[in-house]
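Chemist: As a plain string of letters, each chain reads:
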Amino acid sequence: MRIPRVGGDGVWRWLSGACVALSLLAVVALLVLVVTRGLAHFWPADIEQLTLDDGQRIAGIARGSEANEQRYFTANRDLDGEVWRWVETQAIERRETPPELLYAERRDWGPFIGRLTAVETPAGERLQGAEAERRLRRALAGDAEVTTLHLRNVEGRALEVAFAQVASLSWPNRMDIGDKLAAWGHGVWRFLSEAPSDGNTGGGVWPAIFGTLLMVMLMSLVVTPFGVLAALYLNEVARQGPLTRLVRIAVRNLAGVPSIVYGVFGLGVFVYGLGGHLDSWFFAERLPSPTFGTGGLLWASLTLALLTLPVVIVATEEGLARVPVALREGSLALGATRFETLRRVVVPMALPSMLTGVILAVARAAGEVAPLMLVGVAKLAPEIPVDGEFPYLHLDSKFMHLGYHLFDLGFASRDAEAAMPLVFATATLLVVVIVVLNLTAIILRHHLRARHRALEHS
Amino acid sequence: MTEPSTAPPRSNRRLRQRLDRLATGVIAASGIGVVVAVLAIGVYLMLAVLPLFDDAEVNVDAAPSAADEGAIHAVWLADDGTRWLTRDGQLRDAEGEVATLATSATIAAVAEAGDRQPLALGLSNGEVRLVPRDDRGRLRWAQASTMRLFEARGVAALTLRHAAQGWVLAGRDSQGEVAALWHTDEATRRIAVPETAEHIALGHAGRLAMTQGTQLTLWELSPDGGGKALARTDTQAPTTALSFLQGGRTLIVGDAGGGLHRWRLSPDDAGWQAAETSYTALGDSAIRRLIALPRQRLWLALDDSGRLGLYQSLSGQRWQGQASETTLPTAVSINAQGTQVMWLDEAGTLQRLSIEAPHAAVSPATLWMPQVYEGHSDAEWRWAAAVTGDEEPQYSLVPLAWGTLKAAAWAMVFAVPLALGAAVHSACYMSRRQRARLKPAIELMEALPGVVIGFVAGLFVAPFVERHLAGTLALFVCVPLGSVACGWLWRMLSRRWELHLPPISAGIGLMVPLALLCWAALSLSPWLEAWWFGGDLRAWMHQQWGWDYAQRNALIVGMAMGLAIIPTLYSLAEEALSGVPRPLAEGSLALGATRAQTLWRVQLPAAAPGILSAVMIGAGRAVGETMIVLMVTGNTPLMSPSLFEGLRSLAANLAIELPEAAVGGTHYRLLLLGALLLFVFTFVVNTLAEMVRWRLKRRYRRYGGDA
Amino acid sequence: MTLGALLLPMMAMAAPLSGTLGSVGSDTLGGLMTQWGERLSARHPEVRLQVQASGSGTAPPALAEGVTRIGAMSRPMTEAERADFIARQGHPPVAVPVALDALTLFVHRDNPLTSLTLAQVEALFADTRFCDQAPAIRRWGALGLDGDWASRPVARFGRNTASGSHALFKREALCGGNFRRDVNELPGSSAVVAAVGRSREAIGYAGLGYPTAMVKILALRDDQGTPRLPTHDNVVSGRYPLTRPLYIYVNLAPGESLPPLERAFFDLVLSPEGQAVVARQGFVPLPESRLATARRALRLPPLADVTQSSSN
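Going line by line, the protein sequences match chains A, B and C.
Residue numbers for the first sequence follow the numbering used here, beginning at 1 and rising by one.
Residue numbers for the second sequence follow the numbering used here, beginning at 1001 and rising by one.
Residue numbers for the third sequence follow the numbering used here, beginning at 2001 and rising by one.
Simulated from the structure, these hints should not be mistaken for laboratory data.
This structure is a prediction, so every number in the text was calculated from the model and none was measured.
Glycine included, each C-beta is placed from N, C-alpha and C at the ideal position.
All the given hints hold, so there is nothing to weed out.
Computed Cβ-Cβ distance ranges for the label pairs, DEER-style:
#1 2225/C - 1352/B: 53 to 63 Å
#2 160/A - 2222/C: 33 to 43 Å
#3 40/A - 2296/C: 45 to 55 Å
#4 137/A - 2222/C: 48 to 58 Å
#5 78/A - 1531/B: 45 to 55 Å
#6 1665/B - 2225/C: 37 to 47 Å
#7 1019/B - 450/A: 32 to 42 Å
#8 450/A - 1047/B: 41 to 51 Å
#9 2222/C - 1546/B: 31 to 41 Å
Take a look, some chain C residues computed to stay more than 12 Å from chain B by CB distance:
#10 2046
#11 2114
#12 2258
#13 2260
#14 2285
#15 2296
Work the whole structure out from these sequences, hints included.
Modeler: Next comes the structure, spelled out in structure tokens:
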């Protein structure tokens, strides 16, 4: 190949620089897209009231436009049959944001947009106008009781909603920036703390968060000892030779085997194999209902433990390699056995790197979805697998997982368009969890290196 | 930092040593455990896949058992072989008579259409009785309906098949005259067929095949009582047996010379045509009987010398053996799974065949060679393994393997230049501190879950690119040119005005200009498209080159999966490059070579094996990536190399189909075969890559590098 | 609503229900199952609910293996699946219809097309011609669209093989033929609708309960050539050509009655409240007569009795 004779700062520098820039740019763009859209989901947008040239009235939240049309989220599926409206821009005569328009999330039928006409109290009173709103605000704060809301959409059609049906209620047009921030925070909190509702298209993702956390905890309980021991073997115990090379190749292979193949293995060996046998030995009375013979928390954790084993091994090995040889030799020279040297000198020094490995493994497991689809993740399992009922931790139960929930929301929810913001919110959460875990690992490793460097120079 | 240990007493010494040995043992065991784990995955997959290639087994067992005198005249045999119907209408079991059919005529022919479907009896007086079955498969003799097929003569042969809104019965009388009945809840219509035939068989939707000597005729019957001839051909030898397979679209013809042929009813623009393929013959005796089994398009052939063969429609002969008697079966029963076949022969002997061929439809040819499937006119590679009804499963792994490699290849096309460029930049042009900052960023990139990338690419980028195709393609030209232009501009600026620009890396410095450039390219592209491609690049591509653009295509997969494997590639390539011993590069520079020359002639060749192993490992990743391909492609099992068409990969196929596959079934094991292929591919690639890396490290060490 | 309120105290009188109710199966029914599950958990907080919904095809193996006792299916079981179940469990499964659905064809909202014949559907989606002999349709022009549309290629979207929609579409619209290989197979009904909504040239099929703002539902022409939209009336009467019941299959041996938990579940599903959920999800509730038959098959008390006894 003929190389253009240019100076040191030639074309190649800028072309290769462009590669770095482009890669980073792609990731930044991806993150910005996901996070902004995800966080915007909780922002209480203003409700517009439109008057069209044919006299029709529409109230909704503007959500995008195309050519000469605008799309509005109009809610009220029970009244209109649809939650979206396309409006031609030139057909709009007037645009207002009346302060009394309210936005209510209901447990059935999704959100409502319209006006409050009256509320009923348990005493049978029927309050109207400003009084009704005051009472309702108190009821929302938990200071008063309300049984039924009388609502009206902008076209004037009336609707009664039981107060128990209302998940949240606000008057976004009346909020100032502080209120909106507070409502945003509240929305985020509900997203994090509530179970999904309305066929996974509403509510929060708490069971998925919990399921993910519990699964990775169980996984790290399994993967840590095995990973650390295998790394100790490679670095401390075995003589470097064909056998260690074989083990290293095996580690490399474990890291390279596609995750879906682990899922297949987990399904065949853990679920159908081990699980089936466990059931016939210990849970025969429950058959044909399976206990462990179906995908569940335990099998998912084991499968992912196998999957993340190389991550822990590689990180631990790296840490072990950085422990100065002099320290080992010193310990051995003082008469300690090899095990004692390991336990008292080497392992404590390599502990942070093991921790790094485990954190990286957790981050990997938290984002892995494909194998879980085969070994026990569920679309909906609102009850978390830990409760007051013996044996407290239900290893056999199915669980929800953030990554799978994201997949499910994006591909199988009822209204793909309406679920989109929720998908972005879930993706944001997943990305934040994983970025935080990785940053922790990176910072930990950074400190560790600094410490070792100090040790080497001292 | 270690706690000061008190001097151990001497008596503890043995305990300590034992503990030491124990610990060493445990540690070594877990090291070996890793190897075992890898082997376990491979072995498990292998064990699960092997049964696919087991030979079919047929056990023939003749028992003179239940035969009383009446069994000699049996025309029908129950599934369990314990009851039979005699020619004179008596339903018998081993103890004696159970019931009698109320007719004075004798039963000359019997036809069945499968488990829990009615039974048709052709009588010697030209009548036909249709006896329904209840939900548990028991015959309801009392609810039999009577229809007339022939006026003058009795029924000599009868066939029955389910068709639109009811049942089609076709029969032949002793003179070879053919007639049919289309029986629905509302009406029964008789269809006279002006043909004479020795053998008849009914296919799907009223297709009636007839043979007379060497002539093969195909008719189409219709529910309104009409019918027309579709095709007429000659066979090589006179036909002696005829049967449609499960689904009624493939006809098997046995001839007097022992030949076995398959005729397909394949639609094309010209109408129905018959196309022929031959099977391995049993021998040279005439074929006496063909029995189609209800599953997997399996069938049995029996010839005059008592030779028996088991065949599958596509994979051909699976087993050949000898039936113990040469006499003809009079009453045949087949269980619903098609694993037990029994018949009573003319001597009243009960023959039991137990057939074990659970994966008969799989053979190396059906997996890897193009096949002509029912309803198609050309040999094709097709994958459609999940079937729910009588449709023919299509078991070719080629489209999936193709899709896997295609996705990986396009991903590599995007990822390799970017990742290697980035690695070169950070190894050769970045300071140690800059590199230390870049590495964590790339590691974060590696941690991005596939499901997030897949979702953004599938639901956001794919529709965007479809709308802005010209702009996206323009980026591939603009970005390299733009970045070189930026570099030139930078140098001009800094020279012309002797500005002291901050010494930032080109990589970081280019981010903002590149972002602007991308934005400009995307927003200018509509004009470009209007001016150059007549307003619609996709239409233009179609007109010029006949390329179609699918929304979910390899371009998007390439970009998304490329993004996912860049970090892996980058880390490994960077490791290889920065591991190149410094003295080599320093020597080159000292001899007067430029940085670019040093890079191309010294550093890259030295690191080439490491970069190769990085590329291999990256390819391994790309091959196995599941969620991105699943969410971004349309999972279309196509075989086109086009960048603008979709694909279906082995990994995504596993995620979609494994949960629905019946455990132990053909589909399940084939999916596991797919997993095994993935495993073997990544195993080979990773092992090779690891060996290359190991050699490289040794070489560097020789040159005094620090890797 | 009022009926639900009446039902509640009666349910509460019985011993508190607990245990795990697991369901495997149809993605089309996924939304319904989760909603019914949510309602059941609201009544009986002790009940644990687990719904897996990756396609109807996943239900029969899971039922036959005994991995689940309840399987949601958007199509009836095939003979082979039924035979497998009987072979493993010794008795046939019980199919309970729970709602009506229609296979709906969607196009982008800008698409001027309003209706299709079944032959055109086959020509659009199939490689084979098992129903009719119409030539393949590759451009929108072949469906009578003009202007820009005439030369635009057709992009096809559908469900993956695990789904009952896929199987039923194959059987009913393609007469058991093969799909074109370039029909995009997406792992969820809403993914199909979303993809159609994002591509102007697209056509896709999915269940009834998934319309969004971006797509338009096409009418299908019946035997007489009258275009029929999948409206409530057309689905109940079967005038829309591609209607289907949605089923829940139960592993229930003949002569046995349902365990309390499943009994409570089906009592809910086959009640006016449960059927209101069906309507809310965009499907069509079962007509009263079919509801009564289904309840009888499961030995649930007839609905009229429930209202009477609880109002007494």
